[in-house]
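Student: Below are the chains, spelled out letter by letter.
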Amino acid sequence: MPTATFKIQRGDASIGTFEDYSLEISEGMVVLDAILLIQAKYANDLAVRWNCKAGHCGSCSAEVNGIPKLMCMCRMNELPIDKPVLVQPIKAFPLIKDLVTDVSWNFEVKKKIKKFKPRKPDAADGSWRMAQEDIDRVQEFRKCIECFLCQDVCHVLREHHLHERFTGPRYFVHVASLEMHPLDVEDRREDLKKTDGIGFCNITKCCTNVCPQEITITDNAIIPLKERIADKYYDPLKKLFRLFRSRKRNS
Amino acid sequence: MSSYDTYKYDVLVIGAGGAGLRAAIEASSQGVTVGLICKSLLGKAHTVMAEGGIAAAMANVDDRDNWKVHFTDTLRGGQYLNNWQMAEIHAKEAPVCVRELEAWGALFDRTEDGKILQRNFGGHKYPRLAHVGDRTGLEMIRTLQDHCIYQGVEVHMECTIITLLKDGDRVVGAFGYERERGRFKTFHAKAVILATGGVGRSFKISSNSWEYTGDGHALAYEAGAELIDMEFLQFHPTGMIWPPSVRGILVTEGVRGEGGILLNKNGERFMFNSIPDAYKNQTSDNEEEGWRYIQGDKDAKRPPELLTRDHVARCIVREIKEGRGSPHGGVYLDISWIKKKISNSEEHIRKKLPGMFHMFKKLADIDITKVPMEIGPTTHYMMGGIRVHAETQMSTLPGLFAAGECGAGLHGANRLGGNSLSDLLVFGKRAGEYAAKFAKENKAGAIDEKQINETEKYALQPFERENGDSPFDVQFALQDMMQQWVGIVRNEEEMLRAKEHLRLLRKRSANVFVNGNREFNPGWHTALDLRNMLIASEAITMAALERKESRGAHFREDYPDKDPNCGKYNLVIKQNASGEMTIRQEPIPEIREDLKKIIEEMK
Ligand SMILES: Cc1cc2nc3c(=O)[nH]c(=O)nc-3n(C[C@H](O)[C@H](O)[C@H](O)COP(=O)(O)OP(=O)(O)OC[C@H]3O[C@@H](n4cnc5c(N)ncnc54)[C@H](O)[C@@H]3O)c2cc1C
Ligand code: SF4
Ligand code: SF4
Ligand code: FES
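Each protein sequence line maps, in turn, to chains A and B.
Per numbering that gives the first Met the number 0, the very first residue in the first sequence carries number 0; after that it's consecutive.
Per numbering that gives the first Met the number 0, the very first residue in the second sequence carries number 0; after that it's consecutive.
Bound-form chain B, shown alone (with noise of 0.2 Å):
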């Protein structure tokens, strides 16, 4: 028989990131009672990481700038397989929710006139990113956590999700343990919102914590939801790289967005070799014309280093792979270099990237107001996840709701740097606003003590074992397996040898061995999270090996072309009856006239 504590809400909010908070507080205010749960303490979700800012067309920089440059940006960056009506959605709404954000309290950064104030990133047309120095962030989710507290929800930290409770097709709770005491609990809801992040920890070089063990992608799927672009894994170009414990943590885009450019161990420039044709346009050919750009110059093309992460994650591994790299396998990051430019350049990068100044300084013994860094590209951000409704945020179960880095959409192919801050604020507002509409709605639906019985009993498994595998050996294999062969540069023959080892992977992780109990105990929580982490990893596999062509942030050696066929759909990937993972193409509907009118436009 099973113990555990319930409780009940009308909305169940799963993840305490800027999605989770933002979907939170929209619910409250709706006047439907709220539980907020969260893996770690409140506020340390990977939100509190994000550095450059938040892409909002606000057009405080340059007034040139509105919704619709914003909307085609997107879907140039995502080559045309986003949602264009979450992207259209987006582009309308990212201003007033930063607004929002202000009148909660944040305080970014200033124009001359005391706007708001927005620098320029990666394939993005003009400035854009509200931000504060490089600690954006902290700043939101702050602001939505000291926003929230007062809105009567109810927060559980440190407790975990490990499957979600059902009623027929329904999605009518979620059940779960803490960590403190490794206690169970079971939470009875009319909806559900995942916003449970990203999947990152499933490779080995990676910007991402412990936390992001892909369990809302594997919660969603195993409850027999839809997963939409799993191939598409974005790499960031540039993480540290040296030593090796700093190995993958970010170094932000506002680098470049500040003037830092690209180098070779040549000290060769060579973002300027190689500018793909949608961007030429839009791109300088020259330092100067570059730099121009980066001044404010509104007669200027952005510098190469600022085209989209995928593009200059190729460029860089290109380098290395031709013999071009660094001392520690990556290239340069250079910010130092525009002492040639500004006189008071040392106390400009310092005012401007505080934290990354503070970071090399302290763990790699560099000063980057005066050498170049160096850096490669690591695992970053998940553009695959849940597939949603465009306005609703609901997943294709009824009652569950998905928004923030683990749903999909938005993004496409490949996720343009500060779309996700303002992704999370849309759209976890809206999953907000829904779920308590459909809270309201509904009433709530019957628990199945089966479910948690079983789950139950699953989840003290690894502690009734004698012995077996350690769960941090299963999780380092398969790391180093998905590092190797389903990265950023992916081809057949790989591909299908890491389907073979997720397969024996899945074998070991059915009998790793827990010691200890159950009192926060970090080997059992790896052992639980092993079962996520193989499935988001699977669902990247498969939907990797079935795209046949290289776009966006999916790369194949063996087809490196873009194929237009394959840009006419979406791989969707769901649970068949018996179990197993099943994958099929999901045309992409017809753009409406007035966007595509907006798109040839802006050509």
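Next up, chain A with everything else stripped away, as it sits in the complex (with noise of 0.2 Å):
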């Protein structure tokens, strides 16, 4: 079997080294069983997340030879092993060690954004009628496993860190799951607008490339979402023009 050597970034802030690790690589292995093998034999202390194995679960973000991804869905064999693999943490968020860093914030964003406020029941028992072709688009952003890889390659978090004042790709997608959402009655164009920074996203589909969900978060869910803001705020002419169509649609 042949043999790999990984160079594994180690340490927390103040001591970032990197160490070389070398391991005999079995058939379909892909990294994280291989970084999951290095800290059973060499190195127990050393720090990554994973739970799945499977990319259903967005925990073992990192970045490959320069590249973000799910370490449990890059294969052995997609990557070049006459040198050395380069495993690192991302990059946009604090590190805490090894290969883990301090998501948090994450999680404090998406409680500033307005809950999902449905309309009343359609039915007596409580429930509503949809039909399957108007919750697709819904239900390709609802496939998102918050593995914050969009978040950090988007360079307005990762070069510029305007944590405070830009909620990023990630939440993009979230809110035109709730935006979009048949049921949905509330209304986030100002806060996307003012809060959530949309404005700073020029539209580099960096995000929708690293996206393991297959989620075109820029033309499915940004660029839909800059537009909803567009009618809101600069023409309502534009927007009466839209409605009228669409009930001609309809009728």
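Rather than coming from a laboratory, the hints here were simulated on the basis of the structure.
Where hints are given, some of them may not hold.
[To be verified] Each computed DSBU-like pair below joins lysine-lysine, with the alpha-carbon atoms no more than 30 Å apart:
no. : chain 1 : residue 1 : chain 2 : residue 2
1   : B       : LYS360    : A       : LYS82
2   : A       : LYS6      : A       : LYS90
3   : A       : LYS114    : B       : LYS442
[To be verified] A few chain B residues that face chain A, going by a derived Cβ cut-off under 8 Å, partial list only:
no. : residue
4   : ALA102
5   : GLY104
6   : LEU503
[Claimed, not checked] Covered stretches of chain B, going by a simulated chain A footprint (3 or more residues, C-beta under 8 Å):
no. : region
7   : 32-41
8   : 139-151
9   : 204-213
10  : 352-358
Nothing here was measured: the structure is a model prediction, and the numbers come from that model.
Don't be surprised by glycine CBs; every beta carbon is placed ideally from N, CA and C.
Assembly of the complex is requested from the two constituent chains, each provided in isolation within its own frame, with the hints serving as guidance.
Tutor: Below, the structure written as structure tokens:
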């Protein structure tokens, strides 16, 4: 079996070093397997987050050869092993130790978003009727596993550190899932503009490119949200026109 | 002298999966203060991995369904060892709980007329599982999480409880450490709810993550509560087996619900050969009828692949043992065959099972719309757990409640797929409600400083040793041993050997050595998990030795048949005054007349 060398970032914010570990690579192995083997064999105190090992939970985010990925879905045979495989924590959040970062900011951000508010139930038993085609696009957003890889690559957070003024692509997806939810009657457009900072996004699409759930973050969530804001703030005429058009289509 | 932070709540919920979140929501809505603790980040608990669906008799797809059918299916699946009162409550309340999720924003797949769509699953007579493709657990946990964060519940993420605090008999709090810095935390609470999930990490081939170390089971046991049904551990028939790195990862039963069939290496659909008597009149004996059932024909009987998990898993083991297995020691699960039946099969499979499609493509280089998957049984779900009161979910200790996988009673000898997610909702809610009530009716108990000091000392011991075993090595040894000797097929000789090994492993675990410091140190965390894993393993082994028959998930090759006498009791495990594990038979109370009648009618 071939051997690969892993160059893993170790230590906390005060002492960042890299350590090399060599390991035999077996068939089908993913990077997370390698990390866990290294942990069990050579470095019991190697900090790493994981749970499902199947791309379902979004715990094992890291940067492999500089590219943000879920380690459990990153096959070794996708990587060149003639050079050391570089494994580092995600960068947009403070480092705790080794491959683990402090992502608690994300959980705080979510609390500030206005919660789901449904219209009155359609049926006496408290249930609603919705057509599958009307929920397809929101189901896309609800596939999000909160891996925060999109947050990690977004330059507004990663390079400009605007955490105070910008909630990041994950939360635009979240707001989109609420705003486009067929039952929701809340209006979050003002917050999007004023507190969530959607205006900082210049549609580089880096977030869409890394999303392991293949959510089309920019085209399906961010751009339509931007349009909704534009409708609300700048163009009442266009809005009227749209309303008129959609009425006509429905009749 | 100890140093730790102290937090006070009316209700403390340990575990933030479906059961814990639902309990926290309920308790806080009763106007009490609530703290919620989890080992991972919020939203990453096992519940997120559930794929297939939530069982609830809403009758959206087949109007013949109702709580009585669901109730009977649950008992039949559990081989009548279930707590029938829990099964009744569960069947009646599950639909309301699912609709509640919708009111909180969940978006289930829809029927043609806009209702929640329901799919077929093993052991359920009618299509009953509300679902979202094959990511139902994600939908459920995210909905609960996104509802809970607005309820004023205080969440302690990445914090592990290592002991329950007691005042006399009563549980009055908990003590643990936070992972980030390794600091200790004391939680003082009027009522404590355990919602810590399962034990599958004690086995080598498992669908469970590092979290499933039986913490709740062990915490409750050590505090003096009773455990029940510990011999019943579910092995899911379909786990991935190749490549080695994915061994054990779950392949949802939804694959079979959508028409997937099981084949041996000769291409034979072996499930037709062994349909148990109890299911003869609801199982089809030919391919044509089975397919009609999948297509929604109400007159057709369901295909044998949708028999209960215990049975399907054993049939697979038999095929492999008798030399009809696949190259990597499993059998084939084929959904691609439906291309013979429908023209857009590839698209259909990708739409219905997107997660499975992606997972096999990515991790095994297999396109499931074109070729069969190789699968084999994997350790999956713990039916046994903390013994609770059916209505209130209180354990045998005052102030201690349990819900979800770590609680027990609903599933008896075998759980039906989909009955766990509904269990979490129904009994999570009840645990929250009754824990809040208990908190309102009782003053806070006293915290015993001595207990905290002792626990702290114990927890830090691995750092003080100069050398010793690696905690991971002890864990691996335990997993190998349990897999081999207390797995799907059991016998007395091997289990006695297992018992002896557990004794040795206990010794080794008391001497493990941890390097590094207390900051986010998985070696240390694993060292502390070992005690729980060993307690759970010992309880499983003891109960499995004691039950000298085969029933549900518990199969003994030295007692291959069901014994009617053994169907009259559950096995209860408890620690005695000198710290030893003891076991006793607890007679199952006579089932209520009206329920008995329902069962008769449905036969
Ligand atoms: C891959 C997979 C697929 C499944 N599919 C289905 C399905 O389709 N339908 C179905 O009904 N069931 C399914 N199940 C079963 C079901 O998902 C689980 O039984 C259920 O989610 C358990 O929920 P829970 O709330 O009891 O515990 P979990 O969701 O596991 O949560 C346990 C919580 O307790 C915390 N915890 C544990 N120990 C401690 C401690 N010492 N201190 C602090 N916190 C602690 C954990 O961090 C976690 O937050 C599936 C299971 C798996 C593994
Ligand atoms: S498209 Fe917008 S949100 Fe996404 S990475 Fe670029 S700037 Fe950030
Ligand atoms: S949107 Fe995609 S990349 Fe971002 S957190 Fe969700 S799953 Fe991860
Ligand atoms: S471990 Fe769950 S996504 Fe990687």
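Student: Can you take a look at whether the region 32-41 of chain B is actually covered by chain A? Rule is 3+ residues, C-beta closer than 8 Å.
Tutor: With 3 residues closer than 8 Å to chain A, the region 32-41 of chain B meets the three-residue bar; holds.
Student: Please verify that hint: GLY104 of chain B, Cβ, nearest Cβ of chain A, below 8 Å or not.
Tutor: 4 Å, holds
Student: Counting residues of the region 204-213 of chain B that have a beta-carbon nearer than 8 Å to any beta-carbon of chain A, does the count reach 3?
Tutor: With 3 residues closer than 8 Å to chain A, the region 204-213 of chain B meets the three-residue bar; holds.
Student: Measure nothing beyond the straight line between the CA atoms of LYS114 of chain A and LYS442 of chain B; if it is 30 Å or shorter, mark the hint as holding.
Tutor: Not satisfied, since the Cα-Cα distance of roughly 34 Å exceeds 30 Å.
Student: Examine the region 139-151 of chain B: at least three residues should have C-beta closer than 8 Å to a C-beta of chain A.
Tutor: holds (count 5)
Student: For the region 352-358 of chain B, do three or more residues have a beta carbon lying closer than 8 Å to a beta carbon of chain A?
Tutor: With 3 residues in contact (Cβ-Cβ under 8 Å with chain A), the coverage given for the region 352-358 of chain B holds.
Student: Would the hint linking LYS6 of chain A and LYS90 of chain A be met if the CA-CA limit is 30 Å?
Tutor: 17 Å, holds
Student: For a C-alpha distance cap of 30 Å, please report whether LYS360 of chain B and LYS82 of chain A respect it.
Tutor: Distance of about 26 Å is within 30 Å: holds.
Student: Min Cβ distance, LEU503 of chain B to chain A: is it shorter than 8 Å?
Tutor: Check failed: Cβ of LEU503 of chain B comes no nearer than 20 Å to chain A, outside 8 Å.
Student: Answer holds if the nearest beta-carbon of chain A is closer than 8 Å to that of ALA102 of chain B; otherwise answer violated.
Tutor: It holds, given that the least Cβ distance between ALA102 of chain B and chain A is near 6 Å, below 8 Å.
When held up to the earlier numbered hints, the structure conflicts with 3 and 6 and fits the remainder.
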